[in-house]
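Participant: Sequential numbering from 31 applies to the sequence shown in my numbering.
One should not assume that every hint holds.
[Stated by the list, open to error] Derived CB-CB ranges, DEER-like:
id, residue 1, residue 2, range
1, L108, A54, 31 to 39 Å
2, Q44, D70, 31 to 39 Å
3, F48, R96, 14 to 22 Å
4, F92, L57, 31 to 39 Å
5, N71, A107, 16 to 24 Å
6, M31, V101, 32 to 40 Å
These aren't lab readings, by the way, just hints derived from the structure by calculation. These numbers were taken from a predicted model, which means no experiment stands behind them. Where a beta carbon is used, it is the ideal one built from N, C-alpha and C, also for glycine.
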Amino acid sequence: MQRLNFMYRFFLGQPLWFKVLAPAALLMSILLSSSLFGEDNAYEGGAKLAAAVFFGVWGVPFRRNRPLAIVFFAFSALCVYLAVNAFLQEG
């Protein structure tokens, strides 16, 4: 419970752009990957691109903790690769 409380306080201490962009990217990733939008590769690529934004945004506040920032940025790069792959399979 202490970790959740710490993450909540950490989130509240971030600037407004972070408070808006992180939940919006997570929501877009969840919505675009749901079955509401069908099986089109463009939606799958958009979901992966939103996930890349989410991981990239979370990597920025952890720049001082280098290993954790590297993990977030690596996940972001992997999501960008998967998004490009999904977009290329569409054409």
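Participant: Looking back at the hints listed earlier, which ones does the structure fail to meet?
Facilitator: When the structure is compared with the hints, numbers 1, 4 and 6 turn out to be violated.
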